[in-house]
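J.: The lines below spell out each chain.
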Amino acid sequence: MDMFLPYIACLTIALALYAALRPSPLTVRVGMIVVAVAAAGWLVGLVTGSLSAFADASQGIFFIIFSLCAIGSALRMITHVQPVYSALYFVLVVLSTAGLFLLLEAEFMAFALIIVYAGAILITYMFVLMLANQATSPNNPDSQAQYDRVPREPAAAVGVGFLLLCLISGTVINGSASLPEQGNELTKWSTLEHLPKQFQEDVLALDSDFAWPPVASGQGNVIHIEGSEVFIISTNGDTLVLPEEMLPRNTQQVGWSLVNDFPVSLELAGVILLMAMFGAAIIARRAIELGEQEKRRVILSEETEAGGQS
Amino acid sequence: MMTVSALSGYLIVSGLLLAIGLVGFLVRRNLIVMFLCTELMFQGAALAFIAIGHYLFDYSGQVMVIFILTVAAAEAALALALVVLMHRQGDTLDADAFVELSE
Numbered sequence: 418m419d420m421f422l423p424y425i426a427c428l429t430i431a432l433a434l435y436a437a438l439r440p441s442p443l444t445v446r447v448g449m450i451v452v453a454v455a456a457a458g459w460l461v462g463l464v465t466g467s468l469s470a471f472a473d474a475s476q477g478i479f480f481i482i483f484s485l486c487a488i489g490s491a492l493r494m495i496t497h498v499q500p501v502y503s504a505l506y507f508v509l510v511v512l513s514t515a516g517l518f519l520l521l522e523a524e525f526m527a528f529a530l531i532i533v534y535a536g537a538i539l540i541t542y543m544f545v546l547m548l549a550n551q552a553t554s555p556n557n558p559d560s561q562a563q564y565d566r567v568p569r570e571p572a573a574a575v576g577v578g579f580l581l582l583c584l585i586s587g588t589v590i591n592g593s594a595s596l597p598e599q600g601n602e603l604t605k606w607s608t609l610e611h612l613p614k615q616f617q618e619d620v621l622a623l624d625s626d627f628a629w630p631p632v633a634s635g636q637g638n639v640i641h642i643e644g645s646e647v648f649i650i651s652t653n654g655d656t657l658v659l660p661e662e663m664l665p666r667n668t669q670q671v672g673w674s675l676v677n678d679f680p681v682s683l684e685l686a687g688v689i690l691l692m693a694m695f696g697a698a699i700i701a702r703r704a705i706e707l708g709e710q711e712k713r714r715v716i717l718s719e720e721t722e723a724g725g726q727s
Numbered sequence: 103m104m105t106v107s108a109l110s111g112y113l114i115v116s117g118l119l120l121a122i123g124l125v126g127f128l129v130r131r132n133l134i135v136m137f138l139c140t141e142l143m144f145q146g147a148a149l150a151f152i153a154i155g156h157y158l159f160d161y162s163g164q165v166m167v168i169f170i171l172t173v174a175a176a177e178a179a180l181a182l183a184l185v186v187l188m189h190r191q192g193d194t195l196d197a198d199a200f201v202e203l204s205e
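Protein chains in written order, with the numbering used here: chain A, 418 to 727; chain B, 103 to 205.
Be aware that a few hints might be false.
Claimed, not checked - One-sided excerpt, in silico: chain A residues whose CB lies under 7 Å from chain B: (1) VAL464; (2) GLY466; (3) PHE471; (4) SER484; (5) LEU521; (6) GLY576; (7) GLY578; (8) PHE679; (9) PRO680; (10) LEU690; (11) ALA701.
What the hints contain is simulated information worked out from the structure, not anything from laboratory work.
All C-beta atoms in this analysis are idealised placements derived from N, C-alpha and C, irrespective of residue type, glycine included.
Take these sequences, add in the hints, and give me the full structure.
T.: Next comes the structure, spelled out in structure tokens:
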């Protein structure tokens, strides 16, 4: 029975989502979303076990808050009738995900996510929505366009989503049993020769008495981390304790990994952005070309303006 | 620093975001909201990358999220330019109105 509990949670989420997608009064929809979020919280609780899985209790509480906020606003986003509100709920999803990134000690990515998603991409979406949407009154949902009010094949779509969710949760639950209880934190972290030259020079300047043996190719001075202790084991077995503030920060490490491990991908990302810019400019230029009627209207309005001025 | 149970929690949340984005993409008929749902799926993938990167003490996960952001920005620019073009021609955002494109 125990092994079926996650799938029952998945089924509850799917049924509540189906009920929330169908055209119904607002209170019913919101209530069904609350049910789905509660089932999602149950699923996460089943998988995680207890708060002791996290480094400390506050981290677990923040994880629960941020993840439920992300799931709830994602559900509200796909069920909301008005596209502008969908976009605003997506901002909430982005902010909650950024919070989860902060819990995972990815500070740079958290703020890059807020700047790029909430700041740039979402502004583009809102701009296009304002440009393309017909004016509607917020109090009367029937004034919304018909294609926004009536979903397309909700039963089939929720079925596909339920199968995907079952697959993912089954994989996570069964696969996590074969993983080691902790990552390779306690083992070899990196060799000194693999790290930036500036860091190497700082370490070499740390202790002038330390005997640095010559390093053969293929091996190096290994950096170990144990708890808060960081030390270097040189090739002939001597150890040197590093102060913790000397270690490279998260942002430095990400930048180092970006240019050292993925140089070609970095260039390709630049090419992709350039191509997107060219493509968008060409599409937008074609969009400006007016039809016959609009041309006539523009010429007429210019003539009346000129007539009014003279 | 990070236990397997915590990692599975993060992975389940990312899987939920992915599944919700998929359902939204299939269910909604507004072109702009459909593209918004693909962004939701990107969020789920990014969360999985960062959680596994944190568990394995490997910074490649965060680098992958930088590339995800790049692709998402390029996709948003191109897709929205196309949506504006289609809206000018058809005066609707309904995906079903452009069925004749498939022929």
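J.: Would you mind marking each hint as holding or not holding in the structure?
T.: Verification of the supplied hints:
1. At about 5 Å, the closest approach between the beta carbon of A:VAL464 and any beta carbon in chain B falls short of 7 Å, and the interface hint on this residue holds.
2. A cut of 7 Å between beta carbons decides the hint on A:GLY466: the least distance to chain B is about 5 Å, and the hint holds.
3. A hinted interface residue such as A:PHE471 counts as satisfied when its beta carbon comes closer than 7 Å to some beta carbon of chain B; here the least separation is about 5 Å, so the hint holds.
4. The closest approach between the C-beta of A:SER484 and any C-beta of chain B is roughly 4 Å, which is under the 7 Å cut-off, so the hint is satisfied.
5. The restraint placing A:LEU521 at the interface with chain B holds, with a minimum CB-CB distance near 4 Å, inside the 7 Å limit.
6. With a cut of 7 Å, the hint placing A:GLY576 at the interface with chain B is violated, because the nearest CB-to-CB distance is about 9 Å.
7. Annotation: A:GLY578 was flagged as interfacial toward chain B, and the flag holds, the nearest CB pair being 4 Å apart, inside 7 Å.
8. Against a cut-off of 7 Å between C-beta atoms, the interface hint on A:PHE679 holds, since the closest Cβ of chain B lies about 6 Å away.
9. The closest approach between the C-beta of A:PRO680 and any C-beta of chain B is roughly 11 Å, which is over the 7 Å cut-off, so the hint fails.
10. Residue-level restraint check for A:LEU690 holds (minimum Cβ-Cβ distance to chain B is 6 Å; threshold 7 Å).
11. About 6 Å separates the beta-carbon of A:ALA701 from the nearest beta-carbon of chain B, less than 7 Å, and the hint is met.
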